[in-house]
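Enquirer: Residue-level listing of the chains:
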Amino acid sequence: MDILINIVTSFIAAAGFGIIFNAPREALWKCGLVGMLGWMAYFLLTFQGIGEVPATVAAAFMIAVISQVFSRVYKAPIIIYIVSGIIPLVPGGTAYNAMRSFVTNDYNMALSFAAKAFMVSGSIAMGIVLSEVISQIMKQSRLKRIG
Amino acid sequence: MEQYLEEQYDIMDVCLLAGKIMLESGAETYRVEDTMMRIAKNYGIKESHSYVTPTGIMFSIETEEPTKTKLIRISDRTTDLKKVMLVNSTSRRIANGELDVPQAYRILKRIYKDDETYALMTRIAAAAVSSGCFLMMFQGSWADFIPAMIIGGLGFASVVYVHDLVLIKFFSEFMAALVIGLLAAGAVMTGLGQELDKIIIGSVMPLVPGLLITNAVRDLIAGHFISGLSKGAEAFLTAFAIGSGIAVVVTLL
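So the protein lines, in turn, are chains A and B.
Heads up: the first sequence begins at 1 in our numbering, then just goes up one per residue.
Heads up: the second sequence begins at 1 in our numbering, then just goes up one per residue.
Hints in this document: simulated from the structure, not taken from any laboratory.
Quick caveat: nothing in here was measured; it's all calculated off a predicted structure.
Be aware that a few hints might be false.
Stated by the list, open to error - Every beta carbon over 10 Å from chain A, so not counted as near; a handful from chain B, in silico:
(1) Ile11
(2) Gly97
(3) Ile168
To be verified - Covered, in the sense of this in silico footprint (three residues per stretch, anywhere, with C-beta under 8 Å from a C-beta of chain B), are these stretches of chain A:
(4) 17–27
(5) 35–41
(6) 56–70
(7) 115–126
As the list claims (entries may be wrong) - Here are the simulated distance ranges between beta carbons:
(8) B:Arg92 to A:Arg142: 38 to 44 Å
(9) B:Arg92 to A:Met1: 42 to 48 Å
(10) B:Thr67 to A:Leu44: 30 to 36 Å
(11) B:Arg106 to A:Gly51: 52 to 58 Å
(12) B:Val248 to A:Met1: 34 to 40 Å
(13) A:Val73 to B:Tyr51: 28 to 34 Å
(14) A:Val133 to B:Thr53: 46 to 52 Å
C-beta atoms are modelled at their ideal positions from N, C-alpha and C, and glycine is treated no differently.
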């Protein structure tokens, strides 16, 4: 049941972000799909007890790969798909907790939350970099095969 | 004669207009550079150089005539993925040789002028629904779904409204976060909502600078350090504005 709720809500949330960012109408369901698959990867991995950081790397990687496939297939800039997919992974909650601890003078908790938020943002970047590297390697090897 | 001069579009203008639209709509720096150079190349310019930062574009083309360089300033940046896509497909059509220079210029001009966004109400509704959905994704309870939806929608509406009044992005984000925090606290106090933290996190999500973060990372990877760092700074500033807006409410409680 929990999984079903997450599937539906993450799809709607990501598609909603497509509307906020004024993505073309026909791309909205793709935005939703990317967001849903990324969030499900993250959700299922953390559900299995895997840490937030590796789960975020995996989810961001998956989002970037699917977005690359979509951008090739539909001949559209990759950014349209990647943005709505990444949003749910952004550590809003952790950053909020850090902020709240800072203003209530609980600096120990604040710093550890802030460090975690920083790590999670870093792992989003890591996931995107990984997929970019792989796509470039594939592009080059294809060129060599033809040449 | 004057008429003739007005009609005389230049390859350079086409490239710069394409770059300007893309940059103002939130495209990555390397995509802007790539598109401009591609257009120039397809119109027979062997060598072109561009230097793109979030606040300005410098572009020069080398022909038999003396090198031409132009600088344009970018002051307003929004997010409009549709325009990015339209310019991208125009650039593809240029590459296929479908458009000559005046045609391309006219098409780009139309894209630039057209403000074909979703209606404001649609966007507010989208923000509201997303807020509610985010609450559920962050393990909130169904009881808080409606409050998070309403507060998220009002928060997004206030960022748009305040930004129209004062053109300082930091301030409008701060005010929106303040509104969200106050409404969420009010909802919890009156018993309409249950978990303050979850409601705030869900409602704040539409304000989170997701595009900036993604773009900053992608720019840094591509080696555009100035753009990457300044976009990162912009994202940090937004996050700081949201955080301090919420912080004010938390301190008051």
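Enquirer: Kindly indicate which numbered hints from before are broken by the structure, ordering the numbers from low to high.
Expert: Hints 5, 6, 8, 10, 14 contradicted; others consistent.
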